[in-house]
Amino acid sequence: QKEVEQNSGPLSVPEGAIASLNCTYSDRGSQSFFWYRQYSGKSPELIMSIYSNGDKEDGRFTAQLNKASQYVSLLIRDSQPSDSATYLCAALSGNTPLVFGKGTRLSVIA
Amino acid sequence: KAGVTQTPRYLIKTRGQQVTLSCSPISGHRSVSWYQQTPGQGLQFLFEYFSETQRNKGNFPGRFSGRQFSNSRSEMNVSTLELGDSALYLCASSPVWSETGLNYGYTFGSGTRLTVV
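Each protein sequence line maps, in turn, to chains F and C. Using the numbering used here, you'd call the opening residue of the first sequence number 1 and step up by one each time. Using the numbering used here, you'd call the opening residue of the second sequence number 1 and step up by one each time.
Just so you know, these hints were derived from the structure itself, not from any lab. There could be a bad hint or two in this list.
What the hints assert, rightly or not - Pulled a few chain C residues facing chain F out of the computed Cβ check, cut under 8 Å:
1) 42
2) 56
3) 60
4) 104
5) 109
6) 110
What the hints assert, rightly or not - Reference listing, derived: stretches of chain F covered by chain C, where coverage requires no fewer than 3 residues with Cβ under 8 Å from a Cβ of chain C:
7) 41 to 50
8) 86 to 99
Small disclaimer: the values here were computed from a predicted structure and weren't measured. Every residue gets a Cβ at the ideal spot worked out from N, C-alpha and C, and that includes glycine.
Using the sequences and the accompanying hints, generate a full structural model.
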């Protein structure tokens, strides 16, 4: 059973701080990794993808991948109240379905 | 560019009835996946279609079925509805399905919120 594990939170950070979200995955064959943001009552929105070890930066977001440790993380710099949402980590391997973690709820306190 | 379109947005059905949900992917996307989302279970994979063929199927009973048409539009059907089928049903489309496993990510529709009473 391929699994993606995330801490459910809530993770509370003050406005302007760095939010750090983490996930681990069980399938060593996973090759594509994604972070989705989901606001309450809305559908998931893709915010980052990463495929190779190391860091990938996009604006205030940085995704980090460590395949040896089977670990993916998302850093959000200068967190804003509008970043308050549930963040879903997902992993994909070959032709198998995209597997999601249950999400981490982030709350940014103004 | 139009996004993924799901219809209807909301549905209320009675136990025992059946329901059909529709999904139109982004133009050019040939892969369509369906997920069920509930507060306790998160996003659970239902099935995935590529070029009208079911490529993968999740661990759901046979009451859940789907299909994909030649224009990549997809439908899912749930027969003999149960109270536990109440959930947000999400469709996602993808532009690339590579044998190497690299994928540019799935784009989700707004979902259909199904309530079974």
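Status of each hint after checking the structure:
no. : hint     : result
1   : 42       : holds, 4 Å
2   : 56       : holds, 5 Å
3   : 60       : violated, 12 Å
4   : 104      : holds, 7 Å
5   : 109      : holds, 6 Å
6   : 110      : holds, 5 Å
7   : 41 to 50 : holds (count 6)
8   : 86 to 99 : holds (count 9)
Going down the numbered hints, you'll see the structure goes against just number 3.
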